[in-house]
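Trainee: Could you put together the complete structure from these sequences and hints?
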Amino acid sequence: MSDKLKDIINKQSDQQNHDLTNLDDVVQLVGFIIGDEEYAIPILAIQEIIKPFAWTRVPQVPTYVKGVFNMRGSVIPLIDLRLKFGLNEQKHNDETRFIVMKVGDEIAGFVIDRLTMALRIKKQNIGPAPDTIDKEDSLIDGVGKEKDRIITILKADKLLKRDF
Amino acid sequence: MDEFQEILQDFLVESFELVEQLDQDLIELESTPEDLELLNGIFRVAHTVKGASSFLNFDVLTNLTHHMEDVLNKARHGELIITPNIMDVILESIDLMKALLNKIRDTSTDSGIDVAACVVRLDKVASGDNDVAKDESGSTPVEETVEVEEAPVEEEELDYDNMSDEDVEAEIARLLNERQEEDKAKRAAKIAAGESVPQAPPSPDEVSSEAPKEEPTPAAPPPPPPPPAPPAVKKEEPKPNDAKAAAPVKKATTVEQTIRVDVKRLDHLMNLIGELVLAKNRLIKINDDVEERYEGEEFLEELNQVVSIVSLVTTDLQIAVMKTRMLPIGKVFNKFPRMIRDLTRELNKKIELEISGEDTELDKSIVEEIGDPLVHIIRNSCDHGIEIPEVRLAAGKSEGGTIALKAFNEGNQIVIQIDDDGKGLDAEMLKDKAIEKGLISEKEADNMSDKEAFLLIMRPGFSTAAAVTNVSGRGVGMDVVKTNIEKVNGIIDVESEIGRGTSMKLKIPLTLAIIQALLVGVQEETYAIPLASVLETVRISTDEIYTVEGKSVMRLREDVLSLVHIADIFEVERIMNGGEYAYVVVLGLGTQKLGLIVDTLVGQEEIVIKSLGDYLKGIEGVAGATIRGDGGVTLIVDVVAIMDMAKNVKASATQNSTSNTEQLTLEKTKASDYTVMIVDDSKTDRNIMSNALKSLGITLIEAGDGQEALSLLKQGDHHFDAMLIDIEMPRMDGYTLATEIKKYSRYKNLPLIAVTSRTGKSDRMRGVESGMVEYITKPYSADYLSSVVQRNINFKSEFLS
Numbered sequence: 001m002s003d004k005l006k007d008i009i010n011k012q013s014d015q016q017n018h019d020l021t022n023l024d025d026v027v028q029l030v031g032f033i034i035g036d037e038e039y040a041i042p043i044l045a046i047q048e049i050i051k052p053f054a055w056t057r058v059p060q061v062p063t064y065v066k067g068v069f070n071m072r073g074s075v076i077p078l079i080d081l082r083l084k085f086g087l088n089e090q091k092h093n094d095e096t097r098f099i100v101m102k103v104g105d106e107i108a109g110f111v112i113d114r115l116t117m118a119l120r121i122k123k124q125n126i127g128p129a130p131d132t133i134d135k136e137d138s139l140i141d142g143v144g145k146e147k148d149r150i151i152t153i154l155k156a157d158k159l160l161k162r163d164f
Numbered sequence: 001m002d003e004f005q006e007i008l009q010d011f012l013v014e015s016f017e018l019v020e021q022l023d024q025d026l027i028e029l030e031s032t033p034e035d036l037e038l039l040n041g042i043f044r045v046a047h048t049v050k051g052a053s054s055f056l057n058f059d060v061l062t063n064l065t066h067h068m069e070d071v072l073n074k075a076r077h078g079e080l081i082i083t084p085n086i087m088d089v090i091l092e093s094i095d096l097m098k099a100l101l102n103k104i105r106d107t108s109t110d111s112g113i114d115v116a117a118c119v120v121r122l123d124k125v126a127s128g129d130n131d132v133a134k135d136e137s138g139s140t141p142v143e144e145t146v147e148v149e150e151a152p153v154e155e156e157e158l159d160y161d162n163m164s165d166e167d168v169e170a171e172i173a174r175l176l177n178e179r180q181e182e183d184k185a186k187r188a189a190k191i192a193a194g195e196s197v198p199q200a201p202p203s204p205d206e207v208s209s210e211a212p213k214e215e216p217t218p219a220a221p222p223p224p225p226p227p228p229a230p231p232a233v234k235k236e237e238p239k240p241n242d243a244k245a246a247a248p249v250k251k252a253t254t255v256e257q258t259i260r261v262d263v264k265r266l267d268h269l270m271n272l273i274g275e276l277v278l279a280k281n282r283l284i285k286i287n288d289d290v291e292e293r294y295e296g297e298e299f300l301e302e303l304n305q306v307v308s309i310v311s312l313v314t315t316d317l318q319i320a321v322m323k324t325r326m327l328p329i330g331k332v333f334n335k336f337p338r339m340i341r342d343l344t345r346e347l348n349k350k351i352e353l354e355i356s357g358e359d360t361e362l363d364k365s366i367v368e369e370i371g372d373p374l375v376h377i378i379r380n381s382c383d384h385g386i387e388i389p390e391v392r393l394a395a396g397k398s399e400g401g402t403i404a405l406k407a408f409n410e411g412n413q414i415v416i417q418i419d420d421d422g423k424g425l426d427a428e429m430l431k432d433k434a435i436e437k438g439l440i441s442e443k444e445a446d447n448m449s450d451k452e453a454f455l456l457i458m459r460p461g462f463s464t465a466a467a468v469t470n471v472s473g474r475g476v477g478m479d480v481v482k483t484n485i486e487k488v489n490g491i492i493d494v495e496s497e498i499g500r501g502t503s504m505k506l507k508i509p510l511t512l513a514i515i516q517a518l519l520v521g522v523q524e525e526t527y528a529i530p531l532a533s534v535l536e537t538v539r540i541s542t543d544e545i546y547t548v549e550g551k552s553v554m555r556l557r558e559d560v561l562s563l564v565h566i567a568d569i570f571e572v573e574r575i576m577n578g579g580e581y582a583y584v585v586v587l588g589l590g591t592q593k594l595g596l597i598v599d600t601l602v603g604q605e606e607i608v609i610k611s612l613g614d615y616l617k618g619i620e621g622v623a624g625a626t627i628r629g630d631g632g633v634t635l636i637v638d639v640v641a642i643m644d645m646a647k648n649v650k651a652s653a654t655q656n657s658t659s660n661t662e663q664l665t666l667e668k669t670k671a672s673d674y675t676v677m678i679v680d681d682s683k684t685d686r687n688i689m690s691n692a693l694k695s696l697g698i699t700l701i702e703a704g705d706g707q708e709a710l711s712l713l714k715q716g717d718h719h720f721d722a723m724l725i726d727i728e729m730p731r732m733d734g735y736t737l738a739t740e741i742k743k744y745s746r747y748k749n750l751p752l753i754a755v756t757s758r759t760g761k762s763d764r765m766r767g768v769e770s771g772m773v774e775y776i777t778k779p780y781s782a783d784y785l786s787s788v789v790q791r792n793i794n795f796k797s798e799f800l801s
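Taken in sequence, the protein lines are chains A and B. Residues in the first sequence are numbered consecutively from 1, following my numbering. Residues in the second sequence are numbered consecutively from 1, following my numbering.
Hints may be right or wrong, so weigh each one.
As the list claims (entries may be wrong) - Selected chain A positions facing chain B (Cβ under 10 Å, derived; list incomplete):
(1) ALA54
(2) VAL58
(3) ARG72
It should be emphasised that the hints constitute simulated quantities derived from the structure, not laboratory data. For each residue, glycine too, the CB sits at the ideal point set by N, CA and C.
Mentor: Put into structure tokens, the structure is as follows:
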């Protein structure tokens with residue numbers, strides 16, 4: 001009898017451990033499109049996703065810094081990821097979104113072409129960034145592989161770092 | 001543990017406050033050594049700190065304060081006259097006390113700071129030995145006298161409050177008697193033992209009857225601290241009127257209703273208020289819109305009332321919260337008497353400090369910023385300004401110099417004025433020094449007014465001192481002053497007369513968070529300029545702008561003012577033409593002036609300053625941002641930086657660049673390269689027009705009214721070759737649209753064709769005035785329309801099929 005009980009308890013704790021490791025193994029991301037490629041950002045780095053609205057130009061900054069906008073009383077910089085990634089500027093349309101990212105005290109809004117979906121990718125399915133890229137300076141954290149596509153996972157903290 | 005931490009926090013906050021007051025009091029005490037009220041106050045501080053620290057087991061601090069208390073107790077009983085030497089020891093012990101408190105704050109323990117030497121000196125003072133050389137170590141502990149003093153305090157826990165006046169009198173008489181007897185006994189003991197040998201314990205019966213639990217151990221290190229004495233201590237005074245005077249003071253402190261609040265919470269509150277103000281502004285805007293639309297409806301009045309109440313309350317709330325952040329400037333001034341005292345002793349000068357206006361209130365963040373600058377200015381005045389007594393006498397001045405520190409309100413600003421009656425600044429000497437150090441060229445020096453020369457002392461690396469002393473001479477201090485004052489948007493003004501003294505004025509805005517600003521427009525952008533830096537605004541015609549050595553200047557009354565266009569500073573794209581007039585905002589900073597050319601003056605507004613955040617910090621020329629009533633962000637101009645940037649701006653301030661038209665003359669290779677916009681509110685009319693033009697094969701874009709047309713144009717998706725415009729349209733009519741379009745230099749040559757049923761002569765005239773090139777009246781034939789369009793867009797006949 002007590003053996004049985006032990007078995008059950010063992011099984012239960014096994015199950016729990018398994019669940020925990022499972023959780024550890026999955027990364028939750030939000031996917032979006034810039035140009036022709038799909039990128040993703042860890043969901044925890046995202047404060048909110050909003051529809052585009054008016055911003056104010058700021059002088060003496062690189063072109064990819066569009067300016068600043070007002071989000072409920074806070075003045076937040078707006079960065080166009082198309083321009084940052086060397087693509088042409090594109091007019092905002094119905095699918096354009098601002099993703100507001102926050103890591104620590106750093107906060108900024110990023111213009112993206114459109115959202116795809118929230119993703120859960122197993123850690124083992126995430127490969128390192130290509131070797132040709134300098135690891136330290138790269139914006140790329142890794143490359144996630146889903147069934148039929150490849151998603152570039154970006155480092156939110158690097159995106160939020162001023163590089164001019 | 002948490003509870004302990006909480007108590008500790010309270011203890012620290014209280015102690016720091018007390019110690020701050022202490023410095024002030026002690027300096028005052030030195031000039032009026034017999035002021036019992038002051039002595040009592042000081043004694044109470046030492047006592048309070050001692051009591052609390054013994055409770056919290058800070059033995060070192062307890063030990064120190066205990067001995068301070070001894071000295072002060074003697075002093076307030078008139079057994080000790082406070083001399084400067086004694087004061088030095090007391091001040092030293094207070095410094096140690098501060099150090100200990102800091103240590104406790106940082107590490108939660110008070111170990112690691114050696115107070116033994118100071119304690120010994122305190123004891124010497126307490127024993128009446130006036131000769132306390134600083135380096136002297138090891139002296140005879142004289143605890144006994146202390147115990148005798150302490151003992152009656154322990155014992156007399158009578159309830160004075162419940163006593164009748166006669167009883168109090170009797171009690172005082174009894175105490176006086178007792179004191180005299182004690183003194184007699186002490187004197188006897190002293191004579192018997194001699195001054196330098198450890199004193200014999202007081203007569204056994206006295207000790208056993210008065211302080212049984214504190215049996216002193218002769219010649220032992222400091223005794224265990226007695227528990228905090230009851231408040232009755234204050235009433236130990238031999239004089240009855242003092243006992244009475246002390247009581248109300250105590251009551252006042254309990255009645256005062258204050259609460260300590262973390263500054264973070266206030267900041268948060270301030271932010272919330274800011275958002276509320278924004279919401280209020282929007283509400284007012286919406287209210288106006290609703291009013292327009294539902295004029296005469298009954299509910300409007302009610303809505304109006306609610307909106308005005310909300311806006312009133314919000315404004316009051318804003319002011320109230322701002323007030324909670326205000327601190328009296330006395331908080332900063334308090335430390336200066338002590339500083340002056342130390343400096344006078346160090347520099348062997350006689351200097352008196354006169355403080356006034358210490359009740360003037362300033363925002364907390366500013367109070368924190370101005371402490372350092374004031375320290376530097378005052379040190380400078382002491383070291384370089386005030387002469388040594390002999391020189392002063394020789395110059396026919398009084399032996400002692402005076403530094404006056406004043407604070408007062410002046411409009412929206414606080415002025416802090418520091419005057420000294422020292423030797424004053426020598427403009428020529430300053431210039432020579434600056435040339436010598438390579439800070440300015442000789443040519444610059446020649447052109448400098450005295451006032452500008454005085455400001456040289458603010459340059460980094462500038463120092464007139466022959467040698468670097470402990471006090472100053474490194475050429476850093478005044479630079480700090482300038483940086484810090486500019487950080488809070490302040491202005492420094494220096495006036496000086498050789499031999500008479502120097503006067504320095506710091507003009508600082510009341511609060512950092514909310515300022516008055518002048519909003520100016522350039523092209524389609526708006527910028528806010530802090531009103532404190534705006535001297536005046538003038539409207540000039542563009543002919544009045546001259547160019548000298550590639551820089552624009554104008555004549556403003558007697559002066560020549562250099563000009564810079566705000567668009568050149570902020571890289572604004574010039575898409576609209578300026579008129580023949582320009583507005584010049586004259587900025588003033590210290591003695592510098594600059595004319596900033598803007599397109600329009602929008603108005604004056606109270607703005608809430610927001611930071612641009614880490615990502616965008618340090619953009620030259622931008623001090624921050626603010627959020628306007630419509631929810632948009634407006635950048636705030638950094639006047640200090642602009643002054644510097646203006647020197648490097650080469651571009652002429654007048655608008656004569658006209659290179660924007662080349663985009664419009666793109667090569668046309670096929671019929672669909674031509675694009676024409678049709679603006680009409682009627683769908684039928686639009687269809688008629690597009691049918692008439694369809695056969696040409698040109699691209700047609702339709703817009704339903706003037707605003708839509710304008711925004712299509714601004715988007716820049718298409719290069720329009722012509723526009724067909726109806727006159728009568730909702731939102732924006734054809735005339736207005738044409739006028740708006742002609743504001744953009746890029747569309748100067750865009751043909752605008754009016755298509756309308758209005759045939760009056762005045763209508764035609766208006767059309768021409770607003771920039772229309774053709775006037776087609778409805779009804780028209782399709783061919784006629786087509787030919788007019790072809791003519792205006794230079795349609796190539798080979799495309800006609």
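Trainee: If you test the structure against every hint from before, which numbers come out violated?
Mentor: Violated hints: none at all, because every hint is consistent with the structure.
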